[in-house]
Amino acid sequence: MTILIQKGHIIDPSRGIDGIGDVLIENGKIKEVRIQNTEYRSQKSNPPLPPFSKGGRGGITNSELKTINAEGMFVIPGLIDMHVHLREPGFEYKETIKTGTAAAIRGGFTTVSCMPNTFPINDNASVTEFIIRKSLDGLCTVLPIGAITKGQKGKELVEMGTMKDEGCIAFSDDGLPVMNSLIMRRALEYSKAFGLPIISHCEDLTLSEDGVMSEGLLSMTLGLRGIPAEAEQIMVFRDILLAELTRGKLHIAHVSTEGSVKLIRDAKRRGVNVTAETCPHYFSLTEDAVRNYDTNAKVNPPLRTKKDIEAIKEGLKDGTIDVIATDHAPHHRDEKLREFDLAPSGISGLETALGLSMKLVDEGVLTINQLAEKMSLNPARILGLLTPHLSSLITGPKGTLAVGSDADITILDTEKEVTVEASKFVSKGKNTPFDGWVLKGVSLITISKGRIHEWQ
Amino acid sequence: MLDKKDLLGIKELSVENINSILDTAAGFKDVLGRDIKKVPTLRGKTAVNLFFEPSTRTRTSFELAAKRLSTDVINFSVPTSSVVKGESLIDTALTVQALGADFIIIRHSSAGVPHLLAKKLRASVINAGDGTNEHPTQALLDAFTIREKKGRIEGLDIALVGDIIHSRVAKSNIYGLTKLGAKVRLIGPPTLIPREMEDIGVVVFHSIEEGLKDVDVVMMLRIQMERQGKGFFPSTEEYSKNWGLTPERLLLAKDDAIVMHPGPMNRGIEISSEIADGPKSVILEQVTNGLAVRMAVMYLLAGVRK
Amino acid sequence: MPKELFNKKDIDRALTRMAHEIIEKNKGIDRLCLVGIQRGGVHLARRLSSKIKEIEKKEIPVGSLDIALYRDDLSIRKGQAVLRKTDVPFEITDFKIILVDDVLFTGRSIRAAMDALMDLGRPATIQLAVLIDRGHRELPIKADYVGKNIPTSLSENVEVQLEEEGLEDRIIIEKVGMKE
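Residue numbers (the numbering used here), protein chains in the order written: chain A, 1 to 456; chain B, 1 to 306; chain C, 1 to 180.
Bear in mind the hints are in silico, worked out from the structure with no lab data behind them. Treat the hints loosely; a few may be bogus.
Claimed, not checked - Cross-link-like lysine to aspartate or glutamate pairs, in silico, EDC-like; alpha carbons within 16 Å at most:
id : chain 1 : residue 1 : chain 2 : residue 2
1  : A       : K192      : A       : D165
2  : A       : K317      : A       : D413
3  : A       : K359      : A       : D294
4  : C       : K8        : C       : D169
5  : B       : K230      : A       : E209
6  : B       : K38       : C       : D115
7  : B       : K119      : A       : D294
8  : B       : K37       : C       : D119
9  : B       : K150      : B       : E196
10 : A       : K307      : A       : D288
11 : C       : K148      : C       : D12
12 : A       : K317      : A       : D288
13 : A       : K336      : B       : E87
14 : A       : K336      : B       : D91
15 : C       : K53       : C       : D30
16 : B       : K120      : A       : D334
17 : B       : K29       : C       : D115
18 : B       : K120      : A       : D294
19 : C       : K85       : B       : E285
20 : A       : K440      : A       : D362
21 : C       : K85       : B       : D30
22 : B       : K38       : C       : D119
23 : C       : K78       : B       : D3
24 : B       : K37       : C       : D12
25 : C       : K3        : C       : E174
26 : B       : K37       : C       : D115
27 : B       : K230      : A       : D210
28 : B       : K119      : B       : D91
Please build the complete structure, drawing on both the sequences and the hints.
Pasting the structure below:
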């Protein structure tokens, strides 16, 4: 099948492209990108663009052609969410790979990497294989993240090499930290052999013990146990030092505090190989969202204060935080409709991420270019998706519109306003504190695995 | 007058609300002094005690209060265990409502549970204690007791002593007494008093001798033995030695100071027997007043539900 | 625009007459007591008591009765009735009680007052003294002693104003619209 996207505002940060033009796709690969004006900035390592030739589409070899009019919309490399919980195997009542990937597509994501805290845990090659097999029918690409330790118990490392061969693109014990510093050190060292990042869920469990929201005046007045910001910062600091010691590849998941941003900024300045992600709820809501014991706003790490929001926005702006990921955590309605203490943490985030992130563009915190970096290019870079893979799973580069890369495209309308309706989410998880919010920039068209998905 | 159908906490009450309850409670205390202690006012209504935490005193108090108003009472004691997978909280509450409950009096170990039920149920929800959040009727009866004994609350120096951080009684009292204009002090070890307390207008003392100087009311809180193993204080002996209320320490308060305790007491640990049984103690009156206050709460809430 | 029906002198004369009637009908003041219904009847009960004392040179017990908790309209009223003082500091069992109220209207307050009294003891008899009877009874209740009978319509309101409440002694009638 051949797809022609016309007159869109093309943004490809991997090659500094920013202009109105056309994108030609053939057989699931980018065949050609043509920009109308020569306003594009200098490219990186790819060969130069062919010059703009008047008329004709050139080079179309298939008879089946689908044209998309992208006038007034932005065309960017398909968004990559490097932190989602697809819940399968084991928790299919919350979400399945099928429903989760459909939700991803709805949210504009063409690739997701799923965390291993399933049941059984993805700590061995056969679970990895199961996930990959299930994902073949999914609407978007699924790249599994393996656990760091067996059973996520924090004691023994998993067979990273074997799991990489089966398809894992990173390792994380997410949901839990690796409390034992020696094991974390070993993980960072050992993973170097395979060139894969260790994604750390930074939480000192002894400090966060039983906590259900951010610690402070509000937690005291609500009578809820608080989690101090230091519970995150202590582990961020520790992991950074271990990354420095081992020269391993560290990626810090769901950054939520001002203190963590500062630590990461300093570490980067020192040249430590560390990258970081944050989630839309950490720059959109404060702890006030739980004031009425609303479990939809119960999340781990918890929602924090205005100061933390400001620091995270600053961190996104100056590059301290590389990625916006969702930490999509769907839960069944009954699980959230209960005592605040006992409700599971998590927000179903795939379908609101782009809209919430667009607010950053509106506020002038990020340009669309930078947004595309945070949600596509940087995740691709961190997960090693910019270069072609030899595994059967990923054939071509992602996170870029270079010729020959996978035709994963997100086309978005940044003017249209949509009211969030949780009950209509594609995901099984309707647990969101953003129900009723009016957001701009809901992806209108997502192209992935050779299929086009459109929404009004 | 009350303007919401539920009593979830002192935080949600205005000063007018609180005074309304206290004034009405005075009327009911009179009723309790008569031969026939019952009035037909809420005849035909049904109150359900939904207690997820064991409690005899509070539950009995609510039960009696309801009966004095000619209301029918059902007691639902749910065994507490997060391990026991049984009916969900919401299902239990909806079942109770289906039985025709007009009042649901709930005690639970998780903060926010009464708020959740209030949203989902038509009945009037009364919070009898939710985790470490609030225990509003206790604070109301404490305020009633103080007002009765001292004639007012505004301007009084009131000291709360003990495990503030885990005490919903303390929190409700702090909110209530500060709203009514009292000067509240907290006394106890730093591990038992949250840092944030000073942000809400109370003064914190770690020395009981300093804290009790010239106070009008001393409110003792129960030391929960379960807290001992977790680093909050090294031993009950140490706690008692430093923060126990002894007759010598009580002398530092005003001559006409009163001593209160929500019960049950650990005699000899946070309060000496001599004081508990002494002339300054109003501990037993608190119990009687509790009945009047709970009757007042139900009476006033019944007026909101129309 | 309220219209004055009775002035201070009218009220005083009516109360004097009622005091005489009470003593006459009960053949003296033996075992007699007055209980005023909050709020309107309380002051009137005290006034009646002083008049009786003037005549008989002896005091009889006076009490006040709050009927809020015995009302029959609790589920339809807009808000809860405010509780007032019930102060009957004497044994009423075997006594002859004169219930005193300012205005007798539907009779429901009197019904509630009788139930309240029954919970305090077992009176020998209960008689009713009211300053104004404005008609429109909804229950089979009759006053034994009446200051003045005033036929009214349901769109009117009768109010007794007394010095004890800080106003001038008088009785006024006013059009207010349908009784709720």
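Original post:
Which of the stated hints cannot be reconciled with the structure, identified by number in ascending sequence?
Top reply: Checked against the structure, the hints that fail are numbers 2, 3, 9, 12, 17, 19 and 24, while the rest are satisfied.
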